[in-house]
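Chains as they are written, first to last, in my numbering: chain L, 1 to 229; chain S, 1001 to 1229; chain W, 2001 to 2229; chain R, 3001 to 3229; chain A, 4001 to 4229; chain U, 5001 to 5229.
It is worth saying that the hints were derived from the structure and are not from the lab. Being a predicted model, the structure only gives us computed values, none of them experimental. Mixed in with the good hints, there may be bad ones.
Label-pair restraints from in silico Cβ distances [claimed, not checked]: (1) W:Y2045 - A:A4017: 50 to 56 Å; (2) A:A4179 - W:I2208: 56 to 62 Å; (3) U:P5013 - L:Y222: 55 to 61 Å; (4) S:L1206 - R:S3007: 42 to 48 Å; (5) U:Y5045 - R:S3007: 44 to 50 Å; (6) A:Y4222 - L:Y222: 49 to 55 Å.
Here a beta-carbon is modelled for each residue, glycine too, at the ideal position from N, C-alpha and C.
There are 6 protein chains.
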Amino acid sequence: MAIVVTSIDRPDPAITARFAGLGVATVHEAQGRKGLLASYMRPIYRPAHIAGPAITCEVAPGDNWMIHVAVEQCQPGDILVVTPTSPCEDGYFGDLLGASLMRRGVKGLILDAGVRDAATLTEMGFPVWSKAVFAQGTVKETIGNVNLPVIAAGARIAPGDLIVADDDGVVVVRRIEAASVLEKSLAREDKEAKVRERLMAGELGLDIYGMRERLAQKGLRYVERAPEE
Amino acid sequence: MAIVVTSIDRPDPAITARFAGLGVATVHEAQGRKGLLASYMRPIYRPAHIAGPAITCEVAPGDNWMIHVAVEQCQPGDILVVTPTSPCEDGYFGDLLGASLMRRGVKGLILDAGVRDAATLTEMGFPVWSKAVFAQGTVKETIGNVNLPVIAAGARIAPGDLIVADDDGVVVVRRIEAASVLEKSLAREDKEAKVRERLMAGELGLDIYGMRERLAQKGLRYVERAPEE
Amino acid sequence: MAIVVTSIDRPDPAITARFAGLGVATVHEAQGRKGLLASYMRPIYRPAHIAGPAITCEVAPGDNWMIHVAVEQCQPGDILVVTPTSPCEDGYFGDLLGASLMRRGVKGLILDAGVRDAATLTEMGFPVWSKAVFAQGTVKETIGNVNLPVIAAGARIAPGDLIVADDDGVVVVRRIEAASVLEKSLAREDKEAKVRERLMAGELGLDIYGMRERLAQKGLRYVERAPEE
Amino acid sequence: MAIVVTSIDRPDPAITARFAGLGVATVHEAQGRKGLLASYMRPIYRPAHIAGPAITCEVAPGDNWMIHVAVEQCQPGDILVVTPTSPCEDGYFGDLLGASLMRRGVKGLILDAGVRDAATLTEMGFPVWSKAVFAQGTVKETIGNVNLPVIAAGARIAPGDLIVADDDGVVVVRRIEAASVLEKSLAREDKEAKVRERLMAGELGLDIYGMRERLAQKGLRYVERAPEE
Amino acid sequence: MAIVVTSIDRPDPAITARFAGLGVATVHEAQGRKGLLASYMRPIYRPAHIAGPAITCEVAPGDNWMIHVAVEQCQPGDILVVTPTSPCEDGYFGDLLGASLMRRGVKGLILDAGVRDAATLTEMGFPVWSKAVFAQGTVKETIGNVNLPVIAAGARIAPGDLIVADDDGVVVVRRIEAASVLEKSLAREDKEAKVRERLMAGELGLDIYGMRERLAQKGLRYVERAPEE
Amino acid sequence: MAIVVTSIDRPDPAITARFAGLGVATVHEAQGRKGLLASYMRPIYRPAHIAGPAITCEVAPGDNWMIHVAVEQCQPGDILVVTPTSPCEDGYFGDLLGASLMRRGVKGLILDAGVRDAATLTEMGFPVWSKAVFAQGTVKETIGNVNLPVIAAGARIAPGDLIVADDDGVVVVRRIEAASVLEKSLAREDKEAKVRERLMAGELGLDIYGMRERLAQKGLRYVERAPEE
C-alpha cells in the first residue's frame, strides 16, 4: 500500500553548500521562475536560511505517523519535506521530532500543514516553514509513501531535489539542474551586485536597464499635471 | 436584554499557577485533544505564555462597548476573553484598555477579532491573542452578555474556565477538569522529557514507540529504489 | 494609454513631520474613521512607523515595470504606493528597488501585493507594508499610470495624500485635510494621555466615560449568578 | 475512548413540524440572534428547507468512520450533524451514505466539511449543507463520540437540539427552548407579513418603524447637494 | 455626523437603457479595464443582468439602519449600492427591504456584505450581488452617509454612476463617461460578433488577430516532441 | 524561452469514452486517492460531466495569450487545462475562446484562474471548471509552454493525461494508468451498486462492512445516556 525508498540520489554536496548563501528569489529567477512553493509557506522565526536535499514524506490529514518513518531516512544536511494528501493545518510536528531531526543533522523542515511547539523550536534554532502554527494533535493510523515525488504547496518535489528556503519562502531545484541553476544564480548575483552599486550611486533603473524608449513605444506619456477629471 | 454575572467560580489558584509552565500543545493532548481555539488566533508578540481563569465578554460586530463593562469584572490573574456575535476583524482593543487591564492585574486578552496599538501593547508587555491587527475603530451602541458561556474561535469557553495561551495558540480547560488535566499534563511532560533524552541520544521514535511492526502490518514496505514509473 | 504626472502637490512638510509621531489608530479616529487600508496590509518588520506624501503607481498583475518609472517621481520624504489592477501576491519589489528608493530618501513602500528580499530589506531598515512576502518574479511588459488616484487595499489614495503607517496598518489622509486632521489627532492624543493617567490610577472606563446610566437604559442588568439554563 | 449515546431526548414532533415552514433568518432573530452556523455552510442545491432534531457525530480529519456509527442512531425526521475535530474539507459523505440515511427517513445532513457525489445527492433530493463539495476520500481509522454536544461551524449543537436549514444557512435551537422560539418565530412572521403589506402599498420602513426622529437625534442631516470636497 | 444627499445627477436614461444589454466584461474592457468590483461579489441567482444609476449607502459593520434611509432616495430604475465601513458578512438585507425596493422600481442591490432571505428574493426576482448569503441579523444604531462616494468591493462608486451587473460580477461606469463607454462597448460588441463568426467558421484566434509573428519574436518555438527531461 | 509540443500521446479513445460515465469520486478512489485538483475548482454550471485527454497550457498572471496558442493544439475530444504561473483570478477565458474550442470539438476547460462570460458559456453548454468567475481582462504579452507538464490547482497534469470532471471537481489519471484505473473504477462501481441495493433494503453500513468488532476493539462504547458533565 505504501513504500519507503531507502536510497536516493542527492546533489553534489559541494553544490548544495554553495546554495546556502543564495536567496530564494535569486534561485527562483535563475531557474526561469519555476519551483516556488505557495506564498503561505512562512518560517516560524526570522531570519532563517537553509539549503539541502529533500527527503519527501506523504501524510494523511490529521495523521503524522509517517514523519517518524521519514526521520530514519534523513541524513546530515537533508531537509525534510512533509505534505498531507489533502489540505490540513493540524500540528504535525513539535519539539520532540525537532530534537530527533537536529540530532541527525537535518537542516530544517518544510511542512505544508501546521507546526507546534513553535517557541521551543525557535529556542532550539530548528527552522520550520509551515502553513500554520497550531497545537492541534494528530493520530498515527495511516501509512503513506516516503521518498516518492510529492506536490507540496503547489510545487512538485522529488526526493534528492535541492530545497532552498529563506524569509521569502521556499523554492525547489531539480537535482539534475542543480549545477546549472547554481551557475546562473551566481551570475545573477554578480549582475545584481553591480546594479546595486549603480543604484546606490544614484542612477535610476530606468537608465541602467534602458527602459525609457520601450516605455514610450508602449504609449507612456509624461504630463506635468493630471488631466481634469 | 443582556446580563453581567458578577460572581463566578474560578479554579484553585494553586492549580492555575502550575498551568503557567505548561504548553498549549501539552494541555490540549492531556485533555484528550479538545478545547483548542482556531489556528488564526495568534499572539501579537512572541514569545508569550499565560494561564488564568476566563472572564467572558460578548460584543456586537464593530462595537467594543461591553469590553468596558467586562474590565470591571476582572480580578488579578484573570484572562479576558472577547468574542463578537458575528465574525469581525475591527480593532476592538487598544493601549488604553490594555493599561486598564494591566492595572487590574489581568494577565492577557484572547480576542476573536482585531486589536490595535500593537506596538504600544508590545512595549507594555501586555499579551494579546487575536484574529487580526487592525486599526479600524468601533462604536459603543450595543449591549451584550458578560460572564455567560461563549463560543470564541470555535471553542466553548465558560467564565472561570482555565485559559492557557502560548506561541502555538490558545486552549481552554473546563474549570471542573482543571485538576485532572493538570495531573495528566504533568505526566505527559515527564514522559516527553524521557523520550526527548532518548531522542537526543540518537534513538529513533520508530523504536522508542515500537512502531515498526504495526507499520509493516498496515502494509508499509521498504525498497531500495523507487519503482519505475 | 498611460500617463505619468510629474508635478504633484504635497502637504506642508511641517505638517507631515508632526504626523510621524502619531499612530495609525489615532489618525484614523481623528478623521472620522475613514481612510484605513485593509487589515491584510502588514509590515515586514516591527516596529515600523512612517509618515509622508504618496507617490501612486498602478501595476498590472505579475508585472512590476511601472515601479521603475515611479521611482524617478519620488522625492525625499515620499512614500511609494503600488497597487495592482487586479489582486496579485507576486513579489513586485526587492532589495534593488529598495536600495534605489532609500538612495532617493523615500521613507517606505505601501504595496498591495507581495514583496521579496524581506531579510535584506529588514537589514537595510527599509519598511514595507504588503499583502504577502513572496519570491515570485514579475515581468516588465505592461504600462500603467503613475500619480493618478488609485484604490489600494480598499482605500482611495491620490498622489500627495498623506500616508501614515505603523504596526497597526496603513491610513491615508487627504492632502487638503492634513492640517485639520493633525489638529484633531493631537487633541485626541492629549485626551487619551489624560484618560491613560486616570486608568493607571485605577479608575474605570465605565466611570471616566460615564457609561453606567446609558448601559442601564439599554437594558444591561447585573446579576450575581448566571440564571439556571 | 469514545462513546455513542443511544437514547436522546427530541423536541415534541408537533413543534418540529411547525418549524419546517419557518426560515432560518426568522428563527435566528426570534431566539435573540444566536445559534447561527458560519456563513460558509451552503446547501448543495437550492431551494432546500428542512427542520428536525440533531444527531451529532464527531469525526477525525480525513476520517468518516463514525458517520457509519451515527447512521444507526438516526430515526425518521432526524437531521445528522457531522463535524471534524479540526478543520477539513475532505469528502466525508457521498451517495451511499445518502441512500442509507434516506432509507431511514433522515431529512438531511449538516456537514462542517466536504461532501461528494453532489450530482447524485441532488438527483436523489437529499439535502446537504456543507463547507465544500470535494471528491477527496477519507479513511476509517479513528473513533469519536456520537450524540455528545459538538461545536459545528462555530455553533454549539447538542443531540436533540432542533436544526433549521434553508438557503440562508443553518441555525440551531436548543431543545428546551424549541416551544418558546416557535411561538416567537410565528409572532415575528405575523408582524413581518403586516409590514410587507404596508411596504407593498408603498409605505417606507422609515415611517413604519418611526425611525426619522431618532435618526435626526443621532445627527443625520439631509442636504440637497453634496458639500464641495 | 452623517449626511443624506437628496438630489443627485443620473446618466441620460436612454443611455442607461442601452447598457442593459451589455455584459460586464464588455463594459469593463471598453472603458479601459477599470471599475470592476472584487470577484467575491456574486449574484444570488443566475442568470441576472441589470444596469442603472447608483444610490450609495454606507453602513456600520453589523448595522443596516442606513439602508432604510437609502430606500427613500431610490427612484425607479436605480440600483442600490451598500457597503460597510469595515468588512462584514452579516445579513444586512432581506425580503422586506427587497419588497420595498421592488415597489419603488429599483432594479437590484449591490451589497458588499451578506444578504438573507435568498430563497424569497429569488422567487420575487429581485437580484442581489453580495459577498455572502448569511442569516445573521443586524442592529439599527449607527448612522452613515447616503449618496456620497463610497468604496465597495475595491471600486469607487459615486452616486449617479452607472452600475452594470451580470453573472460575471459588477462594474461601475463614471456618470460623465457613460456615453463614451456605451459607444466603445457597442463597437466592441460589433467587433466581437465578427470575430465570433470567423471562429465558428473554423478560423483560429492566432490568425484572426495575427499573433504568430509576434509570438515567434518573443521566442516561442514549436517542437514535435517534448525535450527529454 | 517557451515551447509548444505539437505531438502528444493520448489514451486509447475507447478507454476515454468509458470514463465519461464515471464520477470523479469513483475514479479518485479507484486510483488510490491521488490526482484530485483543489476543492476550489468549481463548474460554472451543474450538472456537468466530461472526460478526455489534457492539452496543457501555462499562462502568466493576468495574461491569456498562450490560450490562443493552445487552442490550435486541441483535437476533438480533448480537454484544455490552463494554469497561471502564480495564483490569479483574472478572467482569462470568455465566450469567444469558448466558441473556438467548441468548434474544434473540445469537451471543456479546466482553468486554475477566473472565467468570464459565464452566462453565455452556460447557454452554449461549454463546461468550465474554474477558481473564480470574474470579468477582469487580461493582456497578451508573455509567452509560456504548451503541452509540457503543469501543476494545476495542486495536481500534476501531463499532456495526454486523462481528465475527468463533474460536480465534485476534477481528477487527473496518468495516461499510462488509464486502462488499469478504468478497470478498478468499474469494479468499484459494481461493488457500490451492490452495497447501494443492500442499503436501500435497510441494511446498515456497520453490518455490510462488518465494522462493529473493530470499533469495539478501538474502544467505542455504547451508553444509553450521556454521562453527567
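>> Under the constraints set out in the numbered hints, which ones does this structure not fulfil?
In response: 6
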